[in-house]
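Trainee: Per the numbering used here, numbering of the sequence shown is gapless, rising by one per residue and ending at 681.
These are computed hints drawn from the structure, not numbers from a lab. Each hint should be verified, as a subset may be incorrect.
Stated by the list, open to error - Simulated restraints on C-beta separations:
1. L647 x R445: 16 to 26 Å
2. D386 x E649: 30 to 40 Å
3. V584 x R473: 13 to 23 Å
4. T590 x R507: 49 to 59 Å
5. P563 x L395: 17 to 27 Å
6. W536 x W443: 36 to 46 Å
7. R389 x A543: 16 to 26 Å
Backbone N, C-alpha and C fix where the C-beta goes; we use that ideal spot for every residue, glycine too.
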Amino acid sequence: MQRRSDLTRELALLLLLSTLWGASYTFIKIGVETIPPLTLIAARTLVAGLLLATIIRSRRLAWPRAPAIWRRFMIQAGFNSVVPFTLIAWAERTVEAGLATILNATSPIFTFLLTALVTRHEPVTSRKLAGVAAGLVGTCLIVGVEALHGLGRELWTQLAIVAATLCYAGAAIMGKSFKGLDPMLPAAGSLLSGAVVLIPLALVVDRPWTLAPSPRSLLALAALATVSTAAAMVIYFRLLQTLGSVGATAQSYLRVPIGVAIAVAGLGETLSPTAWVGLACIVLGVVAMTLPAREPQQPRR
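The whole structure should be built from the sequences, with the hints applied where relevant.
Mentor: Written out as structure tokens, the structure reads:
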């Protein structure tokens, strides 16, 4: 039985993880002020991947040698970093960090929809269906109403965040195929694979040597890569071992209010009443999707 002090430490780490990932949207918002999205995300994946590779070396883990595994790392990179990171960074040039946090919290809902409709390896329960419904209602409230303020422009950027969320859902499903590997290997492998794709694109499209990023954006990039990506990954994989997959997924709904609070406090953002209603629907939906079902009690003899 786990000691109370150990459980308290793990729950504190869970709160820290939620904070680090919740803060990433604010870091992105600050970063894209003077750094183009492609360059920002290329640097993020490279720095985070190299940091995780350093940790892997210190743990003396052996990198996989099979080309097939590295091809899967590359596919995983597309779903988990290259496409979603870039879409979110592009969208946050106009979308507020708080709204990006809320919209991106729908990942467990889309993960369930994909598994129920495609892979069908999880049972469909009434509670999960209710969670899906609540989450989709919240998303529609935010995208459908908030987008009107941008006269069409906000619609596409907010839909880009929803598309990024769909990518995360696909990454979560594909990530199950790395079951035989230490979890840090696919994390670092996919980040480095993503950097291999993003760096040439950034060099061609953005010509980073011509940029003049502000110190504020550079600090945000450093925090995004080291704290909200590399360090957060290490904490996440630790929690998978200590709290289990169900316990670790609690960050999905913890980071929503934390991320919104950071955006409101750090950037002075405000949310409309409709966005707050949408936030409540999404949080309730994700909670319904991720809380474990109660096991039936055995009758006493």
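Trainee: All the hints need checking, so say for each whether the structure fits it.
Mentor: Outcome of the hint check:
no., hint, verdict
1, L647 x R445: 16 to 26 Å, "violated (45 Å)"
2, D386 x E649: 30 to 40 Å, "holds (37 Å)"
3, V584 x R473: 13 to 23 Å, "holds (20 Å)"
4, T590 x R507: 49 to 59 Å, "holds (53 Å)"
5, P563 x L395: 17 to 27 Å, "holds (21 Å)"
6, W536 x W443: 36 to 46 Å, "holds (39 Å)"
7, R389 x A543: 16 to 26 Å, "violated (37 Å)"
When the structure is compared with the earlier hints, violations turn up for hints 1 and 7 and for no others.
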